[in-house]
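Sequences listed follow chains U and P, in order. According to the working numbering, the first sequence is numbered sequentially starting from 1. According to the working numbering, the second sequence is numbered sequentially starting from 1.
Simulated from the structure, these hints should not be mistaken for lab results. Remember, it's a predicted structure, so these values are computed and weren't measured experimentally. Careful, some of the hints might be misleading.
No farther apart than 20 Å at their CA atoms in a straight line, the calculated lysine-lysine pairs in the PhoX-like style are these [what the hints assert, rightly or not]: (1) 66/P with 20/P; (2) 38/U with 5/U; (3) 102/U with 42/P; (4) 55/P with 102/U; (5) 42/P with 38/U; (6) 102/U with 14/P; (7) 41/P with 37/U; (8) 37/U with 42/P; (9) 102/U with 38/U; (10) 5/U with 41/P; (11) 38/U with 41/P; (12) 71/U with 102/U; (13) 42/P with 5/U; (14) 54/U with 38/U; (15) 5/U with 68/U.
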Amino acid sequence: DQQVKQNSPSLSVQEGRISILNCDYTNSMFDYFLWYKKYPAEGPTFLISISSIKDKNEDGRFTVFLNKSAKHLSLHIVPSQPGDSAVYFCAASDPMNTGFQKLVFGTGTRLLVSP
Amino acid sequence: GAVVSQHPSWVICKSGTSVKIECRSLDFQATTMFWYRQFPKKSLMLMATSNEGSKATYEQGVEKDKFLINHASLTLSTLTVTSAHPEDSSFYICSAGGSNSPLHFGNGTRLTVT
Chain U
1 DQQVKQNSPS LSVQEGRISI LNCDYTNSMF DYFLWYKKYP AEGPTFLISI
51 SSIKDKNEDG RFTVFLNKSA KHLSLHIVPS QPGDSAVYFC AASDPMNTGF
101 QKLVFGTGTR LLVSP
Chain P
1 GAVVSQHPSW VICKSGTSVK IECRSLDFQA TTMFWYRQFP KKSLMLMATS
51 NEGSKATYEQ GVEKDKFLIN HASLTLSTLT VTSAHPEDSS FYICSAGGSN
101 SPLHFGNGTR LTVT
């Protein structure tokens, strides 16, 4: 049972354009969401997070949007750069029940930004 | 710089042997660390929660006698894959974080069992 889903396994974008990565979740108890970036043979690197009391969080070129009613979040990268090419994982946690740090990961979306 | 160090980064072992993977938090104390496993082109699957000074909490379907976890200090957790078999070949990743900060991940260990 995949509680966090990233339905697009891959995404190709041109440099300078916007990249939009999507994530859906099924567990309504999830209250905290994160995006991680991962290169091959490396561990994930934290990018940005959002708690359910917000619907938007911005950090430089990265913005995460949360739509709780739709159980959907998205990561926007603008402008996209070739160095952004990596696999992006969406993750969620249920701080009240299983703890803030116990993360459930999506299946990842491979982003390719071409020059 | 890295705040979570994982060692070794890769290991090849023969079937039937045991392999130990270390996970260290470098500049903070971690009462809790997490061990994940990633199959090719798949998500990171949480295997267990490592608790300093007490027994690890394993996720459903993970054999605790096969994947031994020891969290003897606030900066070190170890995962030992016992009697390894080829199906245990995978990418193992640990993570740790401060009490209210996002998890940091180690760089993972690629285990190949021949």
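Each hint tested on the structure:
no. : hint            : verdict
1   : 66/P with 20/P  : holds (12 Å)
2   : 38/U with 5/U   : holds (17 Å)
3   : 102/U with 42/P : holds (18 Å)
4   : 55/P with 102/U : holds (16 Å)
5   : 42/P with 38/U  : holds (12 Å)
6   : 102/U with 14/P : violated (32 Å)
7   : 41/P with 37/U  : holds (14 Å)
8   : 37/U with 42/P  : holds (14 Å)
9   : 102/U with 38/U : holds (18 Å)
10  : 5/U with 41/P   : holds (14 Å)
11  : 38/U with 41/P  : holds (12 Å)
12  : 71/U with 102/U : holds (19 Å)
13  : 42/P with 5/U   : holds (12 Å)
14  : 54/U with 38/U  : violated (25 Å)
15  : 5/U with 68/U   : holds (15 Å)
Consistency with the previously given hints fails for numbers 6 and 14, ordered from lowest to highest.
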